[in-house]
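Undergrad: Protein chains in written order, with our numbering: chain A, 1 to 398; chain B, 1 to 335.
Worth flagging that the hints you see were computed from the coordinates, not collected in a lab. All clues stand as given, with none of them false.
Computed list of lysine to any residue pairs in SDA-like fashion (alpha-carbon distance at most 20 Å, straight line): (1) A:K282 x A:E323; (2) A:K282 x B:R328; (3) A:K269 x B:L332.
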Amino acid sequence: MDLSYGEAAEAFRKDVRGFLDSHWQPGERRGAELKEFVRTFRRAAIDRGYLYRAVPKRYGGSEQPVDVIRAQVIREEFGRARAPMEVGGNGVNMTVPTLLEQGTEEQKELFIRKTIEGDYIWGQGYSEPGSGSDLASVRTRAELSPDGTKWIINGQKIWTSQGMQSTHMFMLVRTEPDAPKHDGITYLLLDLDQPGITRRPIRQMTGEQGAHTFCEFFFDNAETPVSWQVGERGKGWYVSRTTLKHERASIGSADGLGSQFRKLVDLAKEVGRIHDPLVRDKLAEIEGRVLSHRYTSFRLFSCAAAGEDAGSVQLMMKLLLTEIGHEMALLAQDLIADHGLVEPEGAGGRGPRGVRGPNKWLDQIMGSLGNSIAGGASNIQRNIIAERGLGLPRDGAA
Amino acid sequence: MRFHLTAEQVAIQDAVRGTLAECWGMERLHRFADGDTDFDADSWQALMALGIGALALPEADGGAGLGLLDAALVCEVAGAAAAPGPLIGQIIGAIAVANCANAATRELLPAIASGEAVVTLALEGDLVQSARAAQYFLADDGAGGLHLIEAGDGVTIEPLAATDRSRPVSRVAFGTVEAHPLYPAGDPMVQRLKDAALVLIAADSLGGAQHCTDLSVDYAKTREQFGQPIGKFQGLKHQLAQMALEVEPARALVWYAAYAWDAGLADAPRAAAMAKAHLGEVYTRTTRAAIAAHGGIGYTWEYGLNYWFRRSIHNRAWLGSPAQHRARAAVLAGW
Numbered sequence: 001m002d003l004s005y006g007e008a009a010e011a012f013r014k015d016v017r018g019f020l021d022s023h024w025q026p027g028e029r030r031g032a033e034l035k036e037f038v039r040t041f042r043r044a045a046i047d048r049g050y051l052y053r054a055v056p057k058r059y060g061g062s063e064q065p066v067d068v069i070r071a072q073v074i075r076e077e078f079g080r081a082r083a084p085m086e087v088g089g090n091g092v093n094m095t096v097p098t099l100l101e102q103g104t105e106e107q108k109e110l111f112i113r114k115t116i117e118g119d120y121i122w123g124q125g126y127s128e129p130g131s132g133s134d135l136a137s138v139r140t141r142a143e144l145s146p147d148g149t150k151w152i153i154n155g156q157k158i159w160t161s162q163g164m165q166s167t168h169m170f171m172l173v174r175t176e177p178d179a180p181k182h183d184g185i186t187y188l189l190l191d192l193d194q195p196g197i198t199r200r201p202i203r204q205m206t207g208e209q210g211a212h213t214f215c216e217f218f219f220d221n222a223e224t225p226v227s228w229q230v231g232e233r234g235k236g237w238y239v240s241r242t243t244l245k246h247e248r249a250s251i252g253s254a255d256g257l258g259s260q261f262r263k264l265v266d267l268a269k270e271v272g273r274i275h276d277p278l279v280r281d282k283l284a285e286i287e288g289r290v291l292s293h294r295y296t297s298f299r300l301f302s303c304a305a306a307g308e309d310a311g312s313v314q315l316m317m318k319l320l321l322t323e324i325g326h327e328m329a330l331l332a333q334d335l336i337a338d339h340g341l342v343e344p345e346g347a348g349g350r351g352p353r354g355v356r357g358p359n360k361w362l363d364q365i366m367g368s369l370g371n372s373i374a375g376g377a378s379n380i381q382r383n384i385i386a387e388r389g390l391g392l393p394r395d396g397a398a
Numbered sequence: 001m002r003f004h005l006t007a008e009q010v011a012i013q014d015a016v017r018g019t020l021a022e023c024w025g026m027e028r029l030h031r032f033a034d035g036d037t038d039f040d041a042d043s044w045q046a047l048m049a050l051g052i053g054a055l056a057l058p059e060a061d062g063g064a065g066l067g068l069l070d071a072a073l074v075c076e077v078a079g080a081a082a083a084p085g086p087l088i089g090q091i092i093g094a095i096a097v098a099n100c101a102n103a104a105t106r107e108l109l110p111a112i113a114s115g116e117a118v119v120t121l122a123l124e125g126d127l128v129q130s131a132r133a134a135q136y137f138l139a140d141d142g143a144g145g146l147h148l149i150e151a152g153d154g155v156t157i158e159p160l161a162a163t164d165r166s167r168p169v170s171r172v173a174f175g176t177v178e179a180h181p182l183y184p185a186g187d188p189m190v191q192r193l194k195d196a197a198l199v200l201i202a203a204d205s206l207g208g209a210q211h212c213t214d215l216s217v218d219y220a221k222t223r224e225q226f227g228q229p230i231g232k233f234q235g236l237k238h239q240l241a242q243m244a245l246e247v248e249p250a251r252a253l254v255w256y257a258a259y260a261w262d263a264g265l266a267d268a269p270r271a272a273a274m275a276k277a278h279l280g281e282v283y284t285r286t287t288r289a290a291i292a293a294h295g296g297i298g299y300t301w302e303y304g305l306n307y308w309f310r311r312s313i314h315n316r317a318w319l320g321s322p323a324q325h326r327a328r329a330a331v332l333a334g335w
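This is chain A alone, in the form it adopts within the complex:
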């Protein structure tokens, strides 16, 4: 085994570093000026082949051959320089890959460039009040207009991240009420700026509500052109599987976990508990899992670079990350002790954020609960590991 990336990658790293040194100098820019600077920077980074590598040039990407090592070097160097990478969000992580695989030429032309430049923000219209883990039971329906040119949508969607800012939505709707549940669904794109759509923020358990939290959508004869349907009518469930795959691949992050663990060690120091044998034992126990996750990501990365299948361990990464998050939350809660009786200034919808002490861990303590739900609930993950990973008989819920 060898954890170095090799000479070619190191030469490439030098190029990336040189580019960042000369192009990422945001200085004192703020507000609109900074936004414009970032936009120009991203264009230059695309020209160099650093961003949107899987997106063809004609849609605004840099169209690079698949090379996970180069992609990793780019992530590391941009991270080190604190330079902005791709705009992120559902649009880049889900809409763009789905359109690249299954979209029509018209859809690719219409949406991809605007999405990667950050002009279009996409909300996910999957879950409904009655359709959570059993997503294929969606009841929001779409019917063709009498002239056959438009889908007319009625129903409700929920848990849409960034919903209040979204300009567009990709959604699953029922178009064939008499077909078996997986075969009666169509995948539609939708412009959210139209009458017939009402959105409402959902206040979450952290107390927050607003631009960055969830919202729910009500559709009352909302419309979208038939040409904005992705894939065949009735095949939307299968179109959505591409999207979920992309989402899962984008969740796990060993570097993020490692840095969170180091902050937990810092917290133990800050509150004067680092010499407590029980705390040291618990930290080292958690670190055993943190490192298992980290080295397993190396393993997955190595397999991907070699074009080999890593096997069932891929299915475990999300649940592993979630469970480590819970353990860290429990230790953090003990460490912050009385500090946790008071929320950080401005937290929970109490106004602008201010000075944050050890109680800032309340964010992680509550956020870790969200991780066991978002992107496939933990019990669904266990079904997936058992059925697809271990080959146990299906019970229809994965």
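Mind docking chain B on chain A? Use the hints.
TA: Positioned in the frame of chain A, the structure of chain B alone reads:
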């Protein structure tokens, strides 16, 4: 960048697995478990014929020129089979002798590398595997130095009713003995060899935990209750998923510890401590979960899961408990 097994490494594991399948099935294990010996010559010779004693030695020393990682992969398979014999002692003994500066001690290498002379570990405590079969005891002298002590006069061996039936231990006391010097106190190789042993124990635990998970999954697919395979019930399914979630990610932790040792990385001692501690926990939890997942059959002697449970008790305590290694890891991190 490479952090997964090569085709050659997979082939090594397959060869060891194939050899053990031939010479170390459940019937042999049962017989050995109720016997009164602490060594099985047939399986030992079969494993040594594969060159395992010399696997991690340089080619100049008649070895395969591979590393601790490859040795760990072998120990993983041995752990899965609950193989008898002081395999870890033999591998560590060969590395110790091959790297030692004393020319007279180095002359013992051919017999050790070939497995003809059996080496067992007598480090930290007086309970020793396969003591009656051993020709050499790799022992610390209480002052920080390492020696290879010859079996014979001055070595007292008291066989014990060992909990781990696959690797029976004896209580060993050294009187006035003949000792071949290996490393003086303060030599970095002393800690390095202990680290290597920790990694190999972790690998044995990994193999055992994987085996118990595999058995449980297979059983859940075939055992029927309430008119269906029990593996279809979500309660059991989730327990099995949880076992896999314990074991599979831990594999890379063992790989990293072995790789760090081979590459001489600064964090190698800490990686060994983390691997030993974590796999000790994983093995304990997995064997307990496996017996629970099987129900009544898992609690029988005949089915044999108890051998791995017993081996997990041995591995957990051997050369330091998980809590002891976590405490070391905390110090090594500078917390």
